[in-house]
Amino acid sequence: MASATDISTLSFEAALQRLESIVKQLESGDAPLEAAIGLYEEAQALKAHCEARLSAAEARIAQLQLDAEGRPVGEAPFAS
Amino acid sequence: MASAAPNIPEFSVSELAHSVRRTLEDRFGLVRVRGELSGFKVYGSGHAYFDLKDADAVLAGVMWKGNYQRLGFRGEDGLEVIATGKLSTYGKSSRYQLIVERMEVAGVGALLKQIEERRRRLEAEGLFDRAAKPPRPFLPAHIGVVTSPQGAVIRDILHRLHDRFPRRVTLWPVPVQGDGAAARIAAAIRGFNAMPQGQRPDLLIVARGGGSIEDLMAFNEEAVVRAAAASAIPLISAVGHETDTTLIDYASALRAPTPTAAAELAVPVRADLLETLADLGLRAQRAERRARLLRAERLGALAARLPRPAAIAGMARQRLDDAGERLPRALKGRVRLLRTRFEAVGGRLSVRLLTQEAARERARLESPRVTPNPALLRARLAAARAALASGFRLAESLSPQAVLARGFTMVRLPDGSLARNAAVAAGAAELRILFADGDVAARPLSGPDAGPAVKPRPATPRASGGTPGDSQGDLF
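So the sequence lines, in the order shown, correspond to chains Y and D.
Per our numbering: the first sequence = residues 1 to 80.
Per our numbering: the second sequence = residues 1 to 476.
Bound-form chain Y, shown alone (with noise of 0.2 angstroms):
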């Protein structure tokens, strides 16, 4: 079972496939009462995970200020 601190180290993208597979597992019934609850836990912990990812969807646009040899000096917010 992945501890709370390898959750949050995973990506989304495995989190969500660790999600996945945990819940065919628990589908499948052929866990034991004690891996299933287990299983349930980390399930948990991974969809929170994978929540509070997708909640960090903040579109942050800035536009690199060259100097005059093309080299990035700093950047701005783009105006869109």
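No lab work stands behind these hints: they were computed from the structure.
Just the calculated beta-carbon pair ranges, DEER-fashion:
(1) D/D129 / Y/G29: 39 to 47 angstroms
(2) Y/R71 / D/E242: 32 to 40 angstroms
(3) Y/R71 / D/G44: 16 to 24 angstroms
These numbers were taken from a predicted model, which means no experiment stands behind them.
Where is the CB? At the ideal position from N, CA and C, for every residue including glycine.
Position chain D against the provided structure of chain Y, taking the given hints into account.
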């Protein structure tokens, strides 16, 4: 005389040059000329100088920096172009030239051929190996966009990103056509890759809107293709319309048909993911609940089938009670049985019975049938002695010494062996004749034919016949 023509106005050189120039510019203020580029050269000032020529004539041409930079392709000797501009003069050297404002490649075929040759060369270098490209992140956190800050492209991308999944976006502004565009685009791709962790995007989009093949030429430039191929950040190329393919499309990790499509390939739809997540959460909850209920049900069913503790103990108690009750009865019965058997035997037991038996044994002991008879024993002893004496006699008679003592002799050969017949004896050089009291050396006088020197008498040891047991003593 009057050779001078006073009616003809007199010009200074400059005036004439200026006049010619005006005339040319008025008459050829806007012309389109088709020709082959030759002696093409871009000066440090940024202006491009070249000749346009065909089979019979040559026309000098110049393209000022601003116009040349807007050109979608690079001038190259041998390239057939259609130049648009005005004719003008260059007064200092009495020359006229075409000042080109726009130029397009006359045969797109020629340009395509150029691109195709480049594509083959770069492909042979392995720059287009898709399998070697970095994998795209499922959900990039930070997207770098290389395109023009003006125009619809960046807006289309941002708009579609916003619809699907708003992300952090950094725009690296570049010119997307004209001289220097390719170098700037390549520098932007490398620049994003060179950014430190944290600032560096995890996905790049290099985009440009639709245009003519000349407009898109920057994305066919080797510098851009190489930068895209070397990008450690996965790169989506989206140049022109769906039907346009530029060389950067071969070198990118993924080619999007349009900038909008690039945004779609870049991020998943957030709403879909939330829905998926909610669905998975629900399924996990249901499955976990079902797992618990199912087990609770099974537990209940098993518990119902479990016998009551009292029942288990009760059964044992019943058996104990039963045994306890039967025990004294069984003992009593056994004792009774044994007593009956004992009494039956004991009643028959008496002293008289014993004395009777003793008297009977005594009578047997005293009866004459068992009295020893000495005469019988003596007779058997005498017979045994006789048999022993006869045995001794037989043994003595069989001894060679006894035979010699009775006057017989034995003849030995020199090697000590016995001469058993005349032939052997006659063939020997020397013989030894053994008597009872010693031996004598002898030498045969004749061969075996010399007559019966040795009598064959002993050859029939059982001459007298009869059984060995009766007549052992008469053997010789």
